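**Student:** Take a look at the letters that make up each chain.
There are 2 protein chains.
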Amino acid sequence: MNAALDDTHNPALQSWVASANAPDTDFPIQNLPFGRFRTEAEPDWRIGVAIGNQVLDLRAAKLIDSSDMNRLMRLLPGVRRSVRQAISEGLRVGSAQQAVFKAALHAQSDVAMGLPCQIGDYTDFYTSVHHATTIGKQLRPDNPLLPNYKWVPIGYHGRASSIIPSGQGFRRPKGQTKAPDQDAPTLGPCRRLDYELELAMLVGRPNALGEPIAMADAEDHVFGVSLFNDWSARDIQAWEYQPLGPFLSKNFASTLSPWVVTLDALAPFRVPFTRPAGDPEPLAYLDAPANRAQGAISIELEVWLQTAQMRAAGHAGDRISRSNYRDAYWTVAQLVAHHTVNGCNLRAGDLLGSGTLSGPEPAQGGSLMELSAGGKKPFALSSGETRAWLEDGDTIILRGYCQQPGFRRIGFGECRGTVLPA
Amino acid sequence: MNAALDDTHNPALQSWVASANAPDTDFPIQNLPFGRFRTEAEPDWRIGVAIGNQVLDLRAAKLIDSSDMNRLMRLLPGVRRSVRQAISEGLRVGSAQQAVFKAALHAQSDVAMGLPCQIGDYTDFYTSVHHATTIGKQLRPDNPLLPNYKWVPIGYHGRASSIIPSGQGFRRPKGQTKAPDQDAPTLGPCRRLDYELELAMLVGRPNALGEPIAMADAEDHVFGVSLFNDWSARDIQAWEYQPLGPFLSKNFASTLSPWVVTLDALAPFRVPFTRPAGDPEPLAYLDAPANRAQGAISIELEVWLQTAQMRAAGHAGDRISRSNYRDAYWTVAQLVAHHTVNGCNLRAGDLLGSGTLSGPEPAQGGSLMELSAGGKKPFALSSGETRAWLEDGDTIILRGYCQQPGFRRIGFGECRGTVLPA
Chain H
72 MNAALDDTHN
82 PALQSWVASA
92 NAPDTDFPIQ
102 NLPFGRFRTE
112 AEPDWRIGVA
122 IGNQVLDLRA
132 AKLIDSSDMN
142 RLMRLLPGVR
152 RSVRQAISEG
162 LRVGSAQQAV
172 FKAALHAQSD
182 VAMGLPCQIG
192 DYTDFYTSVH
202 HATTIGKQLR
212 PDNPLLPNYK
222 WVPIGYHGRA
232 SSIIPSGQGF
242 RRPKGQTKAP
252 DQDAPTLGPC
262 RRLDYELELA
272 MLVGRPNALG
282 EPIAMADAED
292 HVFGVSLFND
302 WSARDIQAWE
312 YQPLGPFLSK
322 NFASTLSPWV
332 VTLDALAPFR
342 VPFTRPAGDP
352 EPLAYLDAPA
362 NRAQGAISIE
372 LEVWLQTAQM
382 RAAGHAGDRI
392 SRSNYRDAYW
402 TVAQLVAHHT
412 VNGCNLRAGD
422 LLGSGTLSGP
432 EPAQGGSLME
442 LSAGGKKPFA
452 LSSGETRAWL
462 EDGDTIILRG
472 YCQQPGFRRI
482 GFGECRGTVL
492 PA
Chain D
72 MNAALDDTHN
82 PALQSWVASA
92 NAPDTDFPIQ
102 NLPFGRFRTE
112 AEPDWRIGVA
122 IGNQVLDLRA
132 AKLIDSSDMN
142 RLMRLLPGVR
152 RSVRQAISEG
162 LRVGSAQQAV
172 FKAALHAQSD
182 VAMGLPCQIG
192 DYTDFYTSVH
202 HATTIGKQLR
212 PDNPLLPNYK
222 WVPIGYHGRA
232 SSIIPSGQGF
242 RRPKGQTKAP
252 DQDAPTLGPC
262 RRLDYELELA
272 MLVGRPNALG
282 EPIAMADAED
292 HVFGVSLFND
302 WSARDIQAWE
312 YQPLGPFLSK
322 NFASTLSPWV
332 VTLDALAPFR
342 VPFTRPAGDP
352 EPLAYLDAPA
362 NRAQGAISIE
372 LEVWLQTAQM
382 RAAGHAGDRI
392 SRSNYRDAYW
402 TVAQLVAHHT
412 VNGCNLRAGD
422 LLGSGTLSGP
432 EPAQGGSLME
442 LSAGGKKPFA
452 LSSGETRAWL
462 EDGDTIILRG
472 YCQQPGFRRI
482 GFGECRGTVL
492 PA
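Chains as they are written, first to last, in the working numbering: chain H, 72 to 493; chain D, 72 to 493.
Hints listed in this document are in silico derivations from the structure and should not be mistaken for laboratory results. Nothing here was measured: the structure is a model prediction, and the numbers come from that model. Please note that a few of the clues may not be correct.
In this list, chains with the same sequence are indistinguishable; a pair is considered to hold if it fits within one copy or across any two.
SDA-like cross-link-like pairs, simulated, lysine to any residue; straight-line CA separation at most 20 Å [stated by the list, open to error]:
#1 LYS221 with GLN313
#2 LYS221 with ASP358
#3 LYS208 with ALA309
#4 LYS448 with GLY207
#5 LYS133 with GLY281
#6 LYS208 with GLN313
#7 LYS447 with ARG346
#8 LYS245 with TYR356
Next comes chain H alone, as it looks inside the complex:
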């Protein structure tokens, strides 16, 4: 576990980048998330760190000598932390490097952000017991949660090629669907298009094939966390998913936010990993004292929906649900330990999705499947429109942030995607 506080978390730190000191910024000097950006003049991706409304070009600031994010992610935890420390010191009020760093700044409004790294394999987990239970009830009213759920961090493989950066639209997918009263399936545009509120854990240090990662070392292999929307076609899923799991219902697009908030930045927001009384204890390979003490992370999450009609009216959208990552049933360390217990190798840039992060209350559903009860209960928006599923032109915006008395607020930026017609 690496949830140790150091002077980069000091809430009294101020930056000479004035916008980083605003109380409502996502990117104070205590955050320092990593991303890839480019400018119109220079089309190659560069590694940047967000500070207030600016982005610091790490190579131009002479902090690294490469534009390869995956190489940076692979660094040993100690080296990674020394890079964080150097960035923090250079951005502090009074830094001797202010002139060099200042020349390496770009306004965020002047750059384009891409995917934060080259993604290798993408695994999606299913860590919200609330999501699993609500979905399970729709399919199996008498037996919502399967017997393995409280023992196995359920996961499956997803598609990396169709992970797209925040801001990029995607076409409504076509696929086979079959209504119960139809004799044969038909091909057509998805009619039950959904989003999924997730976090993406991005792998840093790799492990060799055949060498499991122990709980005590698991977080050293995680570079950081982004927001992630795993768009889902529920009608296609219902017809295709037996017996091997979701496929075309999930792999047409998934949207990843540009900034990777490091586990180092999240250290002040660690909370105990707890389970409801009566639930089984994790097996030994998924258990560790540090995981019990501070394995979970308190991250507030929000989903916003902006319809085309709202956009035309200059309306930023409705917040349609909220939840918190601390309610997940399995921690980051447990996902890493489980994924590798069979010897599976993780590589820098691999993405571990949390699965839909729903909270315990019905209003905390992380998908429309939950909020509209499988489409049966459309809900009203402030514009007078209603939604059971996503319509063309709908934009979904995910937001996340950490708050804790005595610390600066740490934000994740946003993860935004718009549904285009089929």
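With chain H held as given, fit chain D onto it using these hints.
**Tutor:** Below, chain D alone, put in the same frame as chain H:
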């Protein structure tokens, strides 16, 4: 469809590489499969083509100017075919390039073969109706084949990081299992380790996200075919796979053969795509006249098992099953068209597994799960040993070849892997 014959298929062609003219070689001049090799002196991977017992270094032969296989795979079909034609002409008896090419040859016994390309996403299909039915009967005796099977080319995502080259051993995985009479699962080494006889289709030309590939164009996006063994931990699978499909039971290792036999080389072995009377016709997006006429490929497949005891006695192993790829329920073109109908993008180097290729007869099972009836009927080997599941030290060798009167035999080489202790 690109199953057109040209003069590279002429069975009368002879090569000045004498070993390519032997009647039993896998690699006559009519084959020309691609792979990546390296030598002790030069550790960087190079692109080679197998010819008899030699490998031709394509860059040294001045046929290409890069060592990037994925770049070569991405070529337009016409360009790809002109490369094939140039290789064929240079290797023919009487070629003016014999001296240049001869200097670019290495004995296969002197080089190490790696994975043929950098693999992006790996998808595994389930195209053998015989496999699906036999496995389904073990789980659901009254309802072996699910209602979607004859409509949807069932597939799911697999793990690319743990695909290993032929010849590399792998450790028996550990994982959670739970017997029906146990209250709680336990962690331990897999006790029901299995192989799966598959073919791997390697993607060449990519498609853009949001742009499906039509049946008529589908094979232009496939570079070629290799042998593939998707090792499986049946006891781990049984406990983990609901509701999202197999995960740790499959992602500890999959073995890929080194040589990619191009669809161009397989043109003489195309056969009609047929279905049993009474089965539904494919939906329009999975149908095309050329697919009906010659969408399937006749590839003879064999599985050999060599135990540690056999190896110590100098015994090459027992052939434990045979099947033919023509018995698959869905063709290569249908897999590509289905995979992209929702807009999913394929990239050069992506791998589409066929799924376990079992034939209609019980002895044609492509896995031990079938041959031993789920472990209930261990079978005898020529060494006097018996097997229900794989034991430590067991080596599985997959072989494949095409035969057709009037054409040279085309072989796939072998796909070999050995189980190491947990």
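**Student:** Decide, hint by hint, whether the structure agrees.
**Tutor:** Taking the hints in turn, this is what the structure says about them:
1. LYS221 with GLN313: Intra 22 Å, inter 13 Å, cutoff 20 Å: inter-copy only.
2. LYS221 with ASP358: Result: close within a single copy only, 13 Å intra versus 44 Å inter.
3. LYS208 with ALA309: For LYS208 and ALA309, the Cα distance is within 20 Å only inside one copy (15 Å; across copies 22 Å).
4. LYS448 with GLY207: This pair counts as within: shortest intra-copy Cα distance 17 Å, inter-copy 36 Å.
5. LYS133 with GLY281: neither (37 Å within a copy, 40 Å between copies)
6. LYS208 with GLN313: The answer is both: 18 Å in one copy and 15 Å across copies each meet 20 Å.
7. LYS447 with ARG346: neither (31 Å within a copy, 39 Å between copies)
8. LYS245 with TYR356: Intra 42 Å, inter 11 Å, cutoff 20 Å: inter-copy only.
Of the numbered hints given earlier, the model fails hints 5, 7; all others are met.
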